[in-house]
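Peer 1: Spelled out, the chains give:
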Amino acid sequence: MEKVLQLLVEGESLNTKQMAQVLNYSEEEVEGHLDELKKKNILLGWRPVFNPSSEIDEIVRAVIEVKLKPERGGGFDKLAERISRFDEVESCYLMSGGYDLQVVVKGKQLRAVAAFVSERLATIDGVLSTSTHFLLRAYKEQGFLLPGLVGDSEKPKVSP
Amino acid sequence: MNTAETKTSFVADHVRDMPRSGIRDFFELVQSADDVISLGIGEPDFVTPWHIREAAIYALEKGKTSYTSNLGLLKLRKSVSKYIAKHFEVEYSSDDEILIAVGVSEALDIALRATVNPGDKVMYHEPCYVSYHPSVLMTHGIGVRVPTSEEDNFALNPKRLWENWEPGVKVLMLNFPTNPTGGTVTHEQLLEIARFAQEKDILVISDEIYSELTFEGGHTSIASLPGMRDRTILLHGCSKAFAMTGFRIGFACASPELTEAMMKVHQYSMLCAPILSQEAAIEALENGTEAVERMKEQYHRRRDLVVRRLNEAGLKCHLPKGTFYAFPSIKSTGLDSKDFSYKLFESKRVAAVPGNAFGQSGEGFIRCSYSTSYENLILATDLIESFVQEL
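The listed protein sequences correspond, in order, to chains A and B.
Using the working numbering, you'd call the opening residue of the first sequence number 5 and step up by one each time.
Using the working numbering, you'd call the opening residue of the second sequence number 3 and step up by one each time.
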């Protein structure tokens, strides 16, 4: 794996200067590698991970199971792309199993999410049915355990 | 006789005369302070991988709360046998050649107690782990130091063995890769060391706890060399590679006669290693290799960063080929190890253990553990650099 990419995968949040120091590159070189990763669509972007139960991220999320009628020629792709373009849609995956798409939708209030589903999503030609599940509580968010699940360390600061 | 004298007189002579670990004073100073950036930690900063912790929980749920056989769970000994055969290329029978101990610390202690008579001499290379010499003293043996040096990248130069040998040497203790230097030995050097042991008819106790964390050259166990298996006690464990220090699991692998002797000491002192830890160790050895590789890659990158930055800071640092320690020389500053560490801590709040805590051959060096985040390492080495410049 490319070195800059590997460092990103490890998950420690480092700025360009710090990455340059770890890898013994110049900052420009690191920037170059990052640009390359973006150009190749490997790195899509940067985004902080918020605690879903914090005030800053007071947002309602729902997972929606969507059944589709596949189109001749396009399969599920055209419909999935169309659904993905809505700002309310955080992620959208084609699934195996009992339904076709798993769509994660976010909104400021429960009502807004419900309205999005009933007025926007369910009314699209080709959407056969939807089943909405609201998220109640997070225990792990994108690889991060939420506070309370991580114990305090009593590790000595110096040991042999 | 006053009370203080009475109390002292109860303490055995050899314990009274044993020096206090050089790390303890420093520990007390650092532990009491806040906002410390510590390069003093002798254990992985990673938490034990969850699948291993989960195995211990499962064992607890299943009511596994009893003693085990003195040698340890047979299932674990089988896992150890398989693991050692695969990674160290030497075969030990799970029936009577493997003993599960409470960490390599206990394994080392029982290996010495099972083999050293009062007055026997035990050679060990130095700088070395803090318990080596005291463990010899507790058996009423006599320690014979063999210094390793920066010029040899802290490998054990076989010439030094011949030079320092004395009549009465029974045991040679090895620890490669070495805590605190990160030194390793080459295959050729190991062959020379093996020849020395055979010629002088010496038992080798080889502590290979850091073997998985060898970055260059691969790890060879001395037990795998021709003629060495039955004159070696191979010590290994889960602490470092699997980030399981708190589980306290070590293994001693040796011929049935030596295993039986160690078992006697273990049986009457420790009885057995905790069963939950043994269950966790089975999971580690059977399914933990991927996590080990992941951690090793990260240590490798951290090492490159720290060694480069220490050299840039003006502290000459050899390239440690294993462990998670760098061992830079501070001789250019004119300070001794203790002064350097204490002053660095006082002025920059960076903690690094003085090299002489690992024996007198460590004087002129400090141990910098890179078992911490990149961010801390960058910050700590920047602070060391400005500390050196301000001297």
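These are calculated hints, taken from the structure and not from any lab test.
Using N, Cα and C, we set each Cβ at its ideal position, and we do this for glycine too.
Hints should not be assumed to be uniformly reliable.
Unchecked claim - Restraint-style ranges between C-beta atoms, simulated for each label pair:
#: 1; chain 1: A; residue 1: K7; chain 2: B; residue 2: E201; range: 27 to 37 Å
#: 2; chain 1: A; residue 1: K144; chain 2: B; residue 2: P136; range: 20 to 30 Å
#: 3; chain 1: A; residue 1: N19; chain 2: B; residue 2: K88; range: 33 to 43 Å
#: 4; chain 1: B; residue 1: Y270; chain 2: A; residue 2: P52; range: 51 to 61 Å
#: 5; chain 1: A; residue 1: K7; chain 2: B; residue 2: N166; range: 27 to 37 Å
#: 6; chain 1: B; residue 1: E348; chain 2: A; residue 2: L9; range: 50 to 60 Å
#: 7; chain 1: B; residue 1: K64; chain 2: A; residue 2: V64; range: 37 to 47 Å
#: 8; chain 1: B; residue 1: N119; chain 2: A; residue 2: E6; range: 55 to 65 Å
#: 9; chain 1: A; residue 1: P52; chain 2: B; residue 2: K318; range: 39 to 49 Å
#: 10; chain 1: B; residue 1: E314; chain 2: A; residue 2: G15; range: 19 to 29 Å
#: 11; chain 1: B; residue 1: P120; chain 2: A; residue 2: G15; range: 48 to 58 Å
#: 12; chain 1: B; residue 1: S334; chain 2: A; residue 2: S57; range: 47 to 57 Å
#: 13; chain 1: A; residue 1: G147; chain 2: B; residue 2: E314; range: 45 to 55 Å
Unchecked claim - With a Cα cut of at most 30 Å, we get these calculated DSBU-like pairs of lysine-lysine:
#: 14; chain 1: B; residue 1: K350; chain 2: A; residue 2: K21
#: 15; chain 1: A; residue 1: K7; chain 2: B; residue 2: K80
#: 16; chain 1: B; residue 1: K350; chain 2: B; residue 2: K333
#: 17; chain 1: B; residue 1: K333; chain 2: A; residue 2: K7
#: 18; chain 1: A; residue 1: K42; chain 2: B; residue 2: K318
#: 19; chain 1: B; residue 1: K298; chain 2: B; residue 2: K80
Peer 1: If a hint holds in the structure, say so; if it doesn't, say that too.
Peer 2: We went through each hint and held it up to the structure:
1. K7(A) with E201(B): 27 to 37 Å: Cβ of K7(A) to Cβ of E201(B): about 47 Å, so the range 27 to 37 Å is violated.
2. K144(A) with P136(B): 20 to 30 Å: The hint (20 to 30 Å, Cβ to Cβ) is violated, given that K144(A) and P136(B) are roughly 45 Å apart.
3. N19(A) with K88(B): 33 to 43 Å: holds (41 Å)
4. Y270(B) with P52(A): 51 to 61 Å: holds (58 Å)
5. K7(A) with N166(B): 27 to 37 Å: violated (43 Å)
6. E348(B) with L9(A): 50 to 60 Å: This hint is violated: roughly 41 Å between Cβ atoms.
7. K64(B) with V64(A): 37 to 47 Å: holds (41 Å)
8. N119(B) with E6(A): 55 to 65 Å: 58 Å Cβ-Cβ, so the 55 to 65 Å window holds.
9. P52(A) with K318(B): 39 to 49 Å: Since the Cβ atoms of P52(A) and K318(B) sit about 41 Å apart, the hinted range of 39 to 49 Å holds.
10. E314(B) with G15(A): 19 to 29 Å: Taking Cβ atoms as reference, E314(B) and G15(A) lie about 27 Å apart, which means the hint holds.
11. P120(B) with G15(A): 48 to 58 Å: holds (54 Å)
12. S334(B) with S57(A): 47 to 57 Å: Cβ of S334(B) to Cβ of S57(A): about 53 Å, so the range 47 to 57 Å holds.
13. G147(A) with E314(B): 45 to 55 Å: violated (33 Å)
14. K350(B) with K21(A): holds (22 Å)
15. K7(A) with K80(B): Between K7(A) and K80(B) the Cα gap is close to 38 Å, so the pair fails against 30 Å, i.e. violated.
16. K350(B) with K333(B): Since the Cα atoms of K350(B) and K333(B) sit roughly 19 Å apart, the hinted pair holds (cutoff 30 Å).
17. K333(B) with K7(A): At roughly 35 Å apart (the allowed maximum being 30 Å), K7(A) and K333(B) break the hint.
18. K42(A) with K318(B): Roughly 39 Å separates the two Cα atoms, so the pair is violated.
19. K298(B) with K80(B): Between K298(B) and K80(B) the Cα gap is close to 25 Å, so the pair holds against 30 Å.
The structure is inconsistent with the numbered hints 1, 2, 5, 6, 13, 15, 17 and 18, although it conforms to all the rest.
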